[in-house]
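Asker: Residues per chain are reported as follows:
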Amino acid sequence: MGRFALAALAALLCAAGARAAGVVVDAPVVGGSTLAVTALNAPSFAVTLNGSDQVAAYQAQLQVVDARGLATGGGWNLTVSSTRFTGGGSTLPADASTLTSVTASCHVGSTCALPANTASNSNVALPVTPTTAKVLNAGSGSGLGRVDVDLNVAVSVPASTRAASYSSTVTVAISAGP
Amino acid sequence: MRRLLPVLLVALVLTPAALAANFTFSVVTSSPVTLPTVTLDGDDQSQTFTVTGEIANSGHAGWKIQASAGAPASGSAALPALQATAGSWRCVSGCPSNPLPSGLTYPMTLSSTPQTIYNADDGTGRGTFDITSTFLISYPASATAGTYTSTIVLSGSTGP
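Protein sequence lines, in the order shown, are assigned to chains D and C. The numbering used here puts the first residue of the first sequence at -15, with every later residue one more than the last. The numbering used here puts the first residue of the second sequence at 47, with every later residue one more than the last.
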């Protein structure tokens, strides 16, 4: 009788107890090949001559994609150069353009790792081609994903400037490594 | 005295049988679950996958399936925590009362603390059922290459 009572109790405990099992989930992730920078806009600005020196500004909007997925040994850098503003047979001074700041943010839909920048990019004279300057870099393990980068440029327009439509080409290049 | 003994024995036999509701839970899905390879492209990505468990229940107290899991990890790198996004049932055999889930709000972010991802309310869920849970794994654009692994611990018990 005692033996049966124990068996019945064990059955009751089993009925109420939890059963657990583990399922291992493996999720392989491979890096893509993309390391690229593209221009998102063609900036322009207008100045009305007034007899005084003036400063105008524009913003070059870029997008960097680093899909390599490198935990170590990655990173990238952006270099920039520009041509002088020319128009109507005239040019603006060689040192007319100044990079005032560079900002970086994650593009919508991309939980990126913002670039850990060590490059100087505040109040930097925009170099004239073929000279280039590094204006943004991403240390290893940073700059991953799709990053929107804005170059904010100030342009000095001397009072002696002739009325015309001036243009300058800013070239931005990306290279692997910070 | 000899007449009384069989009566007592019958009473002892019948009482446990009446109280003991049978309940079993097992995981049907084979482990490991290997997901399709994701190639990083600069944008956030995600995948869903399912895990099926089987419940056999004859009691009236309802039941629940709980899950816990650490964030998928590859070395020191980790993805966001897994999420349970849906659950469904299918009668396998003898289902006098289908499961009526209650109090579930998807998505549920899994952690090391077990939480109920599917259940059958009081008086429901009698029979043998396959319960399929859908999980979401997220790959942020900043993920690094590697094979990320997580273990989902599933348990079933009586009571909703």
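Keep in mind that a hint or two might mislead.
Unchecked claim - Cβ-Cβ distance ranges computed for the label pairs, FRET-style:
#, chain 1, residue 1, chain 2, residue 2, range
1, C, Ala119, D, Thr22, 52 to 60 Å
2, C, Ala119, D, Thr18, 20 to 28 Å
3, D, Asp10, C, Pro153, 16 to 24 Å
4, C, Gly116, D, Gln45, 35 to 43 Å
5, C, Ala119, D, Ser159, 39 to 47 Å
6, C, Ser76, D, Thr102, 43 to 51 Å
7, C, Thr98, D, Thr56, 17 to 25 Å
To be verified - From chain C, some residues computed to sit far from chain D (all C-beta separations above 10 Å):
#, residue
8, Thr75
9, Asp90
10, Gly121
11, Gly149
12, Thr180
13, Pro186
14, Ser196
Please keep in mind that the hints were generated in silico from the structure rather than gathered at the bench. Here the structure is a predicted model, which is why all the values come from computation and not from measurement. Where a beta carbon is used, it is the ideal one built from N, C-alpha and C, also for glycine.
Asker: Next step is simple, just say for each hint if it's right about the structure.
Answerer: Hints, verified against the model:
A hinted range of 52 to 60 Å for the beta carbons of Ala119 of chain C and Thr22 of chain D is inconsistent with their spacing of about 33 Å. Roughly 25 Å separates the CB atoms of Ala119 of chain C and Thr18 of chain D, a value that falls within the hinted 20 to 28 Å. Evaluation of the 16 to 24 Å hint for Asp10 of chain D and Pro153 of chain C yields a pass: the beta carbon distance comes to about 21 Å. At about 40 Å, the CB distance of Gly116 of chain C to Gln45 of chain D agrees with the hint of 35 to 43 Å.
Against the hinted window of 39 to 47 Å, the Cβ-Cβ separation of Ala119 of chain C and Ser159 of chain D comes to about 31 Å, which falls outside the hint. Under the hint 43 to 51 Å, the C-beta atoms of Ser76 of chain C and Thr102 of chain D, about 49 Å apart, fit the expected range. Under the hint 17 to 25 Å, the C-beta atoms of Thr98 of chain C and Thr56 of chain D, about 39 Å apart, miss the expected range. Against chain D, the non-interface label of Thr75 of chain C is violated: not every CB pair exceeds 10 Å, the least being about 6 Å.
The Cβ of Asp90 of chain C does not lie farther than 10 Å from every Cβ of chain D; its closest approach is about 5 Å, which violates its non-interface assignment. Listed as outside the interface, Gly121 of chain C is inconsistent with that label: its C-beta sits roughly 8 Å from the nearest C-beta of chain D, within the 10 Å cut-off. No Cβ of chain D approaches the Cβ of Gly149 of chain C within 10 Å, the least distance being about 18 Å, so the stated non-interface status holds. Distance check on Thr180 of chain C: its Cβ is at least 13 Å (rounded) from any Cβ of chain D, clearing the 10 Å threshold; non-interface status holds.
For Pro186 of chain C, the requirement that its beta carbon stay farther than 10 Å from each beta carbon of chain D is not met, with the minimum near 4 Å. The claim that Ser196 of chain C is not at the interface with chain D is violated, since a C-beta of that chain comes within 10 Å of its own (minimum 5 Å).
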